[in-house]
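Given chain A, put chain B in place with the hints provided.
So you can see what is in the structure, the chains are spelled out below.
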Amino acid sequence: MGKTVLVVDDDPDVRLFSVTVLEEHGYTPLEAANGEEGLKMIKENKPDLIILDVLMPRQSGIRLYRELKTDKSLKNIQVIILSGIAKKTFLRSQKALTEFGGKEIPEPKTYLEKPVEPEVLAAAIEKALS
Amino acid sequence: MKIQKLLFVTKFEELGFDAVRSLLSLTKADLNHVVFINVIERDRFAMSRVGYRKDEEIRLREAANIRFIDWSESLFEQGLEVGVYIVVGTLVSEVIKAAKKEETDLIVIGRSHKGVLEHLYSGSDVTELLRRAATPVLLYKHLSETAISIDKPFDRPLLAIDWSPASLRAVEYLKGLGDVVSEISLVHVASEKDLKGTSAMEIQKTRKETRQKLEEICTIFETEGIDARAHVYIGDPDDEIEKAARDCQATMIVLGSSAKSAWVEKWLGSTPQKYAEESIYPTLLIPPAKV
Chain A
1 MGKTVLVVDD DPDVRLFSVT VLEEHGYTPL EAANGEEGLK MIKENKPDLI ILDVLMPRQS
61 GIRLYRELKT DKSLKNIQVI ILSGIAKKTF LRSQKALTEF GGKEIPEPKT YLEKPVEPEV
121 LAAAIEKALS
Chain B
131 MKIQKLLFVT KFEELGFDAV RSLLSLTKAD LNHVVFINVI ERDRFAMSRV GYRKDEEIRL
191 REAANIRFID WSESLFEQGL EVGVYIVVGT LVSEVIKAAK KEETDLIVIG RSHKGVLEHL
251 YSGSDVTELL RRAATPVLLY KHLSETAISI DKPFDRPLLA IDWSPASLRA VEYLKGLGDV
311 VSEISLVHVA SEKDLKGTSA MEIQKTRKET RQKLEEICTI FETEGIDARA HVYIGDPDDE
371 IEKAARDCQA TMIVLGSSAK SAWVEKWLGS TPQKYAEESI YPTLLIPPAK V
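Which chain is which? The protein sequence lines are A and B, in order. If you count by the numbering used here, then the first sequence holds residues 1 to 130, one letter each, in order. If you count by the numbering used here, then the second sequence holds residues 131 to 421, one letter each, in order.
Just chain A, same shape as in the assembly (with noise of 0.2 Å):
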């Protein structure tokens, strides 16, 4: 069985195109379609790979990356932001939410603004679980 990805997204087009590209490269996937419900499987299943929304109800990807980030069992599962919110936004949320007292966390490695290329996104996937 392949590496197992799970894809936290409320739009229910792209998490078949995401889960389209994962099963395609041999991959099993997994769906959330909100930040509340990827940590909730996250802690269930406990993936090699997620690839994050940020826009989403019920909880963001900007607080669910924040809550992988300062977890000691969590932090190491690599992440792929895929998402319409720039970078740029993320990157500046995440330090307002530093000094506004939380824990300062790395940057994801990989972001991916939407939409994005199948090949791009294998590639990505690829990438991060080597």
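Hints were generated in silico from the structure; no laboratory data involved. Treat the hints with care, since some could be wrong.
[What the hints assert, rightly or not] Computed, partial: chain B to chain A, Cβ under 10 Å: (1) 150; (2) 152; (3) 213; (4) 214; (5) 218.
[Stated by the list, open to error] Below, computed lysine to aspartate or glutamate pairings styled on EDC-like, alpha-carbon distance capped at 20 Å: (6) 158/B x 99/A; (7) 231/B x 71/A; (8) 184/B x 13/A; (9) 338/B x 324/B; (10) 135/B x 113/A; (11) 132/B x 357/B; (12) 88/A x 324/B; (13) 103/A x 207/B; (14) 404/B x 144/B; (15) 87/A x 117/A; (16) 230/B x 104/A; (17) 88/A x 357/B; (18) 103/A x 71/A; (19) 227/B x 11/A; (20) 135/B x 37/A; (21) 87/A x 203/B; (22) 95/A x 200/B; (23) 132/B x 313/B; (24) 88/A x 113/A; (25) 127/A x 113/A; (26) 87/A x 207/B; (27) 338/B x 322/B; (28) 305/B x 357/B; (29) 87/A x 200/B; (30) 40/A x 233/B; (31) 305/B x 160/B; (32) 88/A x 104/A; (33) 132/B x 322/B; (34) 3/A x 99/A; (35) 69/A x 207/B; (36) 184/B x 11/A.
No residue lacks a Cβ here, since even glycine has one placed at the ideal position from N, Cα and C.
Just chain B now, with coordinates in the frame of chain A:
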């Protein structure tokens, strides 16, 4: 009762990002999460002759998405949490559903723009929302609809007290906003029939008693560090509350919303409904606590 999470309902025509910005003073209290919702009503793309127009739905969804991304970026950068719903359905049902799912503390919505006939037969979205929402609802008035400046709607609220459970619940709601509110005007409108007699002495007695009761509520606010002033007006609440808001230079009117049935609201109306629909002031309606 704290306002930590608000649900901002927009069709983009009536409420824009300027309205969101004016509510950000609430971050000085407890606001840390803004959820946007745009409801695309089916009649925008489900045409009876052509059938279901999926391409039009996609176009409307993406237009809303692009706008929300832009708004969200600004809020994320200030450290706020942001969520978005773009849904196809009926406005009130989808708003209620999202408010429940997100457990929001406040719903912000613009004035209804239904036509006169549509309004008469089906009621307005706002009336329907007020009737069904368990969450306080802020009826925001667009800048073009009002002559008053509403940069900071929570700065000087006028709280109309009729001693109903909902209006007393409004006291609880507002007292947690000490860092946002600079002064609260507490107003009770005594109707002519409430006056205990016709002599000047008896009328003044009514005023004095009412004022004493209002002063007790002022003390509650002052304990929380909020300046509060009591005012008694005589007449029809449908007119006097707006007059009081003008006299007090209020930035918002706060009322307990009634628990009248939809039928009664539709045909007889109610003071909260009237202010929600007609006042030039942003109007915050607090529903009674659910039993």
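Hints and how they fare:
1. 150: Violated - the Cβ of residue 150/B stays beyond 10 Å from chain A, reaching only about 15 Å at its closest.
2. 152: Constraint on residue 152/B not satisfied, violated at 20 Å.
3. 213: holds, 4 Å
4. 214: Hint on residue 214/B: holds, closest Cβ of chain A at ~5 Å, below 10 Å.
5. 218: With a minimum Cβ separation of about 13 Å from chain A (threshold 10 Å), the hint on residue 218/B is violated.
6. 158/B x 99/A: holds, 16 Å
7. 231/B x 71/A: Distance ~26 Å between residue 231/B and residue 71/A Cα, so the pair is violated.
8. 184/B x 13/A: With a Cα-Cα distance of about 14 Å, the restraint between residue 184/B and residue 13/A holds, given a limit of 20 Å.
9. 338/B x 324/B: holds, 13 Å
10. 135/B x 113/A: Cα-Cα ~27 Å, so violated.
11. 132/B x 357/B: The hint holds at about 19 Å.
12. 88/A x 324/B: Violated, because 61 Å separates the two Cα atoms, which is more than 20 Å.
13. 103/A x 207/B: holds, 16 Å
14. 404/B x 144/B: Satisfied, since the Cα-Cα distance of roughly 19 Å is no more than 20 Å.
15. 87/A x 117/A: holds, 18 Å
16. 230/B x 104/A: The given pair, whose Cα atoms are some 33 Å apart, is violated under the 20 Å limit.
17. 88/A x 357/B: violated, 42 Å
18. 103/A x 71/A: holds, 11 Å
19. 227/B x 11/A: Within the cut-off at roughly 18 Å; holds.
20. 135/B x 37/A: holds, 19 Å
21. 87/A x 203/B: OK: residue 87/A and residue 203/B at ~10 Å, within 20 Å.
22. 95/A x 200/B: Judged against 20 Å, a Cα distance of about 19 Å means the pair holds.
23. 132/B x 313/B: holds, 18 Å
24. 88/A x 113/A: holds, 11 Å
25. 127/A x 113/A: holds, 17 Å
26. 87/A x 207/B: holds, 11 Å
27. 338/B x 322/B: holds, 15 Å
28. 305/B x 357/B: holds, 11 Å
29. 87/A x 200/B: Measuring from Cα to Cα gives roughly 13 Å; hence the hint holds.
30. 40/A x 233/B: Holds: residue 40/A and residue 233/B sit about 19 Å apart, inside 20 Å.
31. 305/B x 160/B: holds, 12 Å
32. 88/A x 104/A: Roughly 16 Å separates the two Cα atoms, so the pair holds.
33. 132/B x 322/B: violated, 36 Å
34. 3/A x 99/A: Violated, at about 36 Å.
35. 69/A x 207/B: Status holds; Cα separation ~19 Å.
36. 184/B x 11/A: holds, 16 Å
Checked against the numbered hints listed earlier, the structure breaks hints 1, 2, 5, 7, 10, 12, 16, 17, 33, 34; every other hint is satisfied.
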